[in-house]
Amino acid sequence: RKEVEQDPGPFNVPEGATVAFNCTYSNSASQSFFWYRQDCRKEPKLLMSVYSSGNEDGRFTAQLNRASQYISLLIRDSKLSDSATYLCVVNYGSGNTGKLIFGQGTTLQVKP
Amino acid sequence: EAGVTQFPSHSVIEKGQTVTLRCDPISGHDNLYWYRRVMGKEIKFLLHFVKESKQDESGMPNNRFLAERTGGTYSTLKVQPAELEDSGVYFCASSQGIWANEKLFFGSGTQLSVL
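In the order they appear, the protein sequences are chains A and B.
Converting from the first sequence to this note's numbering requires adding 43 to each position, the first position being numbered 1.
Converting from the second sequence to this note's numbering requires adding 4 to each position, the first position being numbered 1.
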């Protein structure tokens, strides 16, 4: 079983749509959670951290459910520029705090 | 401010040859990481330097891979001899602190193709 599992998609949505991505992680000791965005042939870039209380950044909302070991990302009013691969990432947090565990990514294509 | 830079951006070599990848972290970042993505798989951790010391090399696939960070500045990752399964994108990342929620800055990667 993969440590971080995501539906690879692709998710094809029209501009303006709301789309949600989900992710599950296997290690209950995971301490930090993130969504990264990766454009084609580019490096991953931090989109947002994810907190148990939920957090919002503009059109993006992230939620964490520790009991279910589940992370979500909601994108409202999708833009063409949102097309990318979204990586669910966890960090076990003890010792090596930079050892990120990546999911395989979910591909989003926003169409005009 | 310059970001994390990696060189070369692409490398095509034959099986059995040697390749050296270089990473220059953001100035002042003590933490430097190597990650790799092979085709069809997720990005995976290789190792972590704190300054010039290896903090964790648990992700290194085998002894054909050698990472160094002399002087705690730039790092090199050498693959010798390269095998077909080593093909993939090698990312370097750096961070300033060591907190669990510390932001990592990634370089644009080196695409390695072993033929």
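A portion of the hints provided could be inaccurate.
[What the hints assert, rightly or not] Taking lysine to any residue pairs in the SDA-like style, the calculated list, with each CA pair at most 20 Å apart, reads:
no., chain 1, residue 1, chain 2, residue 2
1, A, K45, A, S69
2, A, K85, B, P12
3, B, K48, A, Y135
4, A, K85, B, R41
5, A, K85, A, A127
6, B, K48, A, I144
7, A, K45, B, A6
8, B, K45, A, G52
9, A, K45, A, Q74
10, A, K85, B, L25
11, A, K85, B, G44
12, B, K45, A, T67
13, A, K85, B, T9
14, A, K45, B, G63
15, B, K107, A, D82
16, A, K85, B, S91
17, B, K48, B, F109
18, B, K19, B, Q84
19, B, K82, B, R41
20, B, K107, A, D100
21, A, K88, B, Q84
22, B, K19, B, E46
23, A, K88, A, D125
24, A, K85, B, Q115
25, B, K107, A, N98
26, B, K48, A, R44
27, A, K45, A, I144
28, B, K107, A, G52
29, A, K85, B, A6
30, B, K48, A, Q81
31, A, K122, A, P53
32, B, K107, A, R44
33, A, K88, B, E46
34, B, K48, B, N66
35, A, K85, B, N66
36, B, K107, A, E99
37, B, K48, A, E99
38, A, K88, B, S31
39, A, K85, B, V93
Don't read these hints as lab results, they were simulated from the structure.
Cross-check of the supplied hints:
As the CA atoms of K45 (chain A) and S69 (chain A) are separated by approximately 8 Å, the hinted pair is consistent with the 20 Å bound. With a C-alpha separation of about 14 Å, the suggested pairing of K85 (chain A) with P12 (chain B) holds against the 20 Å cut-off. Of the pairs offered as hints, the one joining K48 (chain B) and Y135 (chain A) holds, with about 14 Å between alpha carbons and a cut-off of 20 Å not exceeded. Our distance criterion of 20 Å between C-alpha atoms is met by K85 (chain A) and R41 (chain B), whose separation comes to about 12 Å.
Under the criterion of a C-alpha separation no larger than 20 Å, the hint pairing K85 (chain A) with A127 (chain A) is consistent with the structure, at around 10 Å. Restraint check: the Cα-Cα separation between K48 (chain B) and I144 (chain A) comes to about 7 Å, which is no more than 20 Å; the hinted pair holds. Between K45 (chain A) and A6 (chain B) the alpha-carbon distance is near 35 Å, which puts this suggested pair outside the 20 Å criterion. Pair hint K45 (chain B) plus G52 (chain A) holds up; C-alpha atoms about 14 Å apart against a cutoff of 20 Å.
Distance check on the hinted pair: K45 (chain A) and Q74 (chain A) sit about 17 Å apart at the alpha-carbon level, within 20 Å; holds. In summary, the hint linking K85 (chain A) to L25 (chain B) is supported, as the alpha carbons are separated by about 17 Å, within the 20 Å threshold. About 16 Å separates the Cα atoms of K85 (chain A) and G44 (chain B), which keeps this hinted pair within 20 Å; it holds. Taking the CA atoms of K45 (chain B) and T67 (chain A), the gap is near 17 Å; set against the 20 Å cutoff, the hint holds.
Proposed proximity of K85 (chain A) and T9 (chain B) is supported: the alpha carbons are some 13 Å apart, at most 20 Å. The straight-line distance between the Cα atoms of K45 (chain A) and G63 (chain B) is roughly 15 Å, inside the 20 Å bound, and the hint therefore holds. For the suggested pair K107 (chain B) and D82 (chain A), the alpha carbons sit about 18 Å apart, so the restraint of at most 20 Å is met. Taking the CA atoms of K85 (chain A) and S91 (chain B), the gap is about 17 Å. The hint holds against a cut of 20 Å.
Among the hinted pairs, K48 (chain B) with F109 (chain B) is consistent with the structure: their alpha-carbon atoms are about 15 Å apart, no more than 20 Å. Restraint check for K19 (chain B) and Q84 (chain B): the C-alpha separation of about 10 Å stays at or below 20 Å, so the hint holds. With a C-alpha separation of about 16 Å, the suggested pair K82 (chain B) and R41 (chain B) falls inside the 20 Å cut-off, and the hint holds. Of the pairs offered as hints, the one joining K107 (chain B) and D100 (chain A) holds, with about 16 Å between alpha carbons and a cut-off of 20 Å not exceeded.
With a C-alpha separation of about 30 Å, the suggested pair K88 (chain A) and Q84 (chain B) falls outside the 20 Å cut-off, and the hint is violated. Distance check on the hinted pair: K19 (chain B) and E46 (chain B) sit about 23 Å apart at the alpha-carbon level, beyond 20 Å; violated. Restraint check: the Cα-Cα separation between K88 (chain A) and D125 (chain A) comes to about 13 Å, which is no more than 20 Å; the hinted pair holds. Proposed proximity of K85 (chain A) and Q115 (chain B) is supported: the alpha carbons are some 11 Å apart, at most 20 Å.
For the proposed pair K107 (chain B) and N98 (chain A), the alpha carbon gap of about 17 Å is at most 20 Å, so the pair holds. For a cut-off of 20 Å, the pair hint linking K48 (chain B) to R44 (chain A) stands: about 15 Å separates their Cα positions. With a CA separation close to 10 Å, the supplied pair K45 (chain A) and I144 (chain A) stays within the 20 Å bound. Taking the CA atoms of K107 (chain B) and G52 (chain A), the gap is near 26 Å; set against the 20 Å cutoff, the hint is violated.
With a C-alpha separation of about 16 Å, the suggested pairing of K85 (chain A) with A6 (chain B) holds against the 20 Å cut-off. Pair hint K48 (chain B) plus Q81 (chain A) holds up; C-alpha atoms about 15 Å apart against a cutoff of 20 Å. A C-alpha spacing of about 16 Å is found between K122 (chain A) and P53 (chain A), which places the hinted pair at or below 20 Å, so the restraint holds. Using a Cα cut-off of 20 Å, the hinted pair K107 (chain B) and R44 (chain A) is violated, with the two alpha carbons roughly 27 Å apart.
For the hint pairing K88 (chain A) with E46 (chain B), the CA-to-CA distance comes to about 15 Å; that is within 20 Å, so the pair holds. Distance check on the hinted pair: K48 (chain B) and N66 (chain B) sit about 14 Å apart at the alpha-carbon level, within 20 Å; holds. This hinted pair does not check out: K85 (chain A) and N66 (chain B) have alpha carbons roughly 27 Å apart, beyond 20 Å. For a cut-off of 20 Å, the pair hint linking K107 (chain B) to E99 (chain A) stands: about 18 Å separates their Cα positions.
The straight-line distance between the Cα atoms of K48 (chain B) and E99 (chain A) is roughly 28 Å, outside the 20 Å bound, and the hint therefore fails. Annotation: proposed proximity of K88 (chain A) to S31 (chain B) holds, straight-line Cα distance about 18 Å (limit 20 Å). Distance hint between K85 (chain A) and V93 (chain B) is fulfilled; the C-alpha atoms sit about 10 Å from each other, no more than 20 Å.
In terms of the numbered hints stated before, the structure departs from hints 7, 21, 22, 28, 32, 35, 37, listed from lowest to highest.
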